[in-house]
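Got chain W sorted already, so can you dock chain L onto it with the hints?
Chains W and L, in that order, are what the protein sequence lines are. Here the first sequence stands for residues 1 to 318, numbered as in the numbering used here. Here the second sequence stands for residues 1 to 252, numbered as in the numbering used here.
Please note that a few of the clues may not be correct.
Here are a few chain L residues that face chain W, going by a calculated C-beta distance under 7 Å [stated by the list, open to error]: (1) 95; (2) 98; (3) 101; (4) 104; (5) 251.
Here chain L is said to cover these stretches of chain W; the calculated rule only asks that three of the stretch's residues, wherever they fall, bring their Cβ under 8 Å from a Cβ of chain L [said to hold, decoys possible]: (6) 45-59; (7) 88-98.
Worth flagging that the hints you see were computed from the coordinates, not collected in a lab. Backbone N, C-alpha and C fix where the C-beta goes; we use that ideal spot for every residue, glycine too.
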Amino acid sequence: MIRVQHLTKSYGSFRAVHDVSFEIERGEVVGFLGPNGAGKSTTMRILCGALVHDAGLVEVAGARLPHQGAAARARIGYLPESTPLYRAMRVDRFLDFAARAKGIGRGDRRAAIARAVEAADLFGYLGRRIEQLSKGYRQRVGLAQALLADPDVLVLDEPTSGLDPNEVVRIRDLVRELGRTKTVLLSTHVLSEVSELCPRVLILSGGRLVADGSPRALASVRRTALLVRFAADLGATRGSFDALEGALEVEELPSARGAALRLFAEDADALAARVLALVQRAELDLVELRHETPTLEEVFAAHTSGRDERFADREVNA
Amino acid sequence: MNAVGRIHAVLRRELGAALDAPSAWVAAAAFALALQTLFFFAGYPIGDLRFPGLWEGRVASLAVLFAWLPPLYAVLAPAFTMGAWAEERRAGTEELLLTWPLATWQVVVGKFLASWLLLMVATIVAAVPAALVVASLGPLDWGTAVSGAIGAALLGAGCVAVGLVVSAAAREQLVAFLVSALLLAGAWSVALFLRVVPGSIAEWFYLVSPQAHFLDSAARGVFDTADAVYHLSLVALALLVNWRMVEARRRG
Numbered sequence: 001m002i003r004v005q006h007l008t009k010s011y012g013s014f015r016a017v018h019d020v021s022f023e024i025e026r027g028e029v030v031g032f033l034g035p036n037g038a039g040k041s042t043t044m045r046i047l048c049g050a051l052v053h054d055a056g057l058v059e060v061a062g063a064r065l066p067h068q069g070a071a072a073r074a075r076i077g078y079l080p081e082s083t084p085l086y087r088a089m090r091v092d093r094f095l096d097f098a099a100r101a102k103g104i105g106r107g108d109r110r111a112a113i114a115r116a117v118e119a120a121d122l123f124g125y126l127g128r129r130i131e132q133l134s135k136g137y138r139q140r141v142g143l144a145q146a147l148l149a150d151p152d153v154l155v156l157d158e159p160t161s162g163l164d165p166n167e168v169v170r171i172r173d174l175v176r177e178l179g180r181t182k183t184v185l186l187s188t189h190v191l192s193e194v195s196e197l198c199p200r201v202l203i204l205s206g207g208r209l210v211a212d213g214s215p216r217a218l219a220s221v222r223r224t225a226l227l228v229r230f231a232a233d234l235g236a237t238r239g240s241f242d243a244l245e246g247a248l249e250v251e252e253l254p255s256a257r258g259a260a261l262r263l264f265a266e267d268a269d270a271l272a273a274r275v276l277a278l279v280q281r282a283e284l285d286l287v288e289l290r291h292e293t294p295t296l297e298e299v300f301a302a303h304t305s306g307r308d309e310r311f312a313d314r315e316v317n318a
Numbered sequence: 001m002n003a004v005g006r007i008h009a010v011l012r013r014e015l016g017a018a019l020d021a022p023s024a025w026v027a028a029a030a031f032a033l034a035l036q037t038l039f040f041f042a043g044y045p046i047g048d049l050r051f052p053g054l055w056e057g058r059v060a061s062l063a064v065l066f067a068w069l070p071p072l073y074a075v076l077a078p079a080f081t082m083g084a085w086a087e088e089r090r091a092g093t094e095e096l097l098l099t100w101p102l103a104t105w106q107v108v109v110g111k112f113l114a115s116w117l118l119l120m121v122a123t124i125v126a127a128v129p130a131a132l133v134v135a136s137l138g139p140l141d142w143g144t145a146v147s148g149a150i151g152a153a154l155l156g157a158g159c160v161a162v163g164l165v166v167s168a169a170a171r172e173q174l175v176a177f178l179v180s181a182l183l184l185a186g187a188w189s190v191a192l193f194l195r196v197v198p199g200s201i202a203e204w205f206y207l208v209s210p211q212a213h214f215l216d217s218a219a220r221g222v223f224d225t226a227d228a229v230y231h232l233s234l235v236a237l238a239l240l241v242n243w244r245m246v247e248a249r250r251r252g
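Next comes chain W alone, as it looks inside the complex (with noise of 0.2 Å):
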């Protein structure tokens, strides 16, 4: 449904993207990852039609962009950063613009309002004017504009973001629900989100594509741990856990009562029997024993953490 190879775009001589690729089939769901400035929103924005690229080949939908834009913008549902909106307007107003200025047809323009009001639950809010509604409504009216013409493709950058948590939960399931039938790409800060919503992540950090694949595949790629914990003081078993094959590293947690350690592994469920076979010969009193897997903000952080280099100059100059 999208294709990027080698996308390349700069403002002046800030390269904002460079070199991204990749693919996003019909159907699914994928997180757009990256710190502020990463480069999403001016992905997306390219997607849309918002913005030309410098280099490289957009696709959408099977049209060419910059070229065949008006085809593929016809496909697409875009909600922007912020959701610009016609504040003065009536919320049925707008959504009358939106739908005659996307060519929907007199015939169908009513079943299509009718289908996004619906899918976006804005009954009872129609004949208010968007200013005077809550953020997350107004959220929700964008949505509505981006489904009005049945898009196969929405982009959504940053859907949930500044929402309280009972409109962030709204909207998730929105999304969850949308995805089902349509392939979405959204971009957001909040990883709970993108581990909750989305099959597949892609991080952008400093313009470039630094990741690409399951969140859980992401997390795999780093080192996984096990966190072991006893009700009373190891003594001496303390030094046959070092010697456990398979044990990287042996880590001492602080803990209350007894001992808790952590053990660094490359095949965490290998060292986990070996683990239990020493409690088992030792007769210790083992409370608790877990995988440590990485979270989604770790692997993002050491994604991410490297240093921009598209700012090095100006620190320099500064």
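Okay, now just chain L, sitting in the frame of chain W:
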């Protein structure tokens, strides 16, 4: 739906937004008030042809009314066009327009037609009562009135097109208003100097002043096709520049 439908959608939204905001009403009311006062009482004391006000001069002519349109349009047209692009830009809604499947030229034309229509309605509301008063007092030359009205429509189109270009360049609508009002007032004052500058310079003055193409002909009841071509070319050029400016936003 075809291009006409999309242009119509933009036109409707622009009109709705204008009628929803107090600024358009205030500007139109001030324009109507100023035009009545100037026509009935003040006359036209500027330039080589001076006219007294209607009550004083007692001539059944709309010449004074048409003579005042250029300077008043210099303020009224920018009031209608100032927000057209500057406000879209400030609110970020320009991004919606750029990413919806409608062509930029359709938005440009829709916005132009909306502002032009507003200007024409404001002019009709302000001028028709004055014309009827004159017609009831004496024999009004309807030929001159019609030629002046067509000329005013063309001049208004030019003013609106210029105002839209300035709005597309400005970040804030207040700046757009001030700059386009200054530009149009400047072009009007250039028209006033035509008689006093040497011929070669006057030719240049004549070229850069849309108002000169109205004051010297249509406003006096002499309809000149060349002036119509001038105004239509100005509108076409301004809309083209407007279109290029908005398309340039896609380049970042």
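Violated constraints from the hint list, given by number and in increasing order: Hint 4 is the one this structure does not satisfy, whereas the remaining hints hold.
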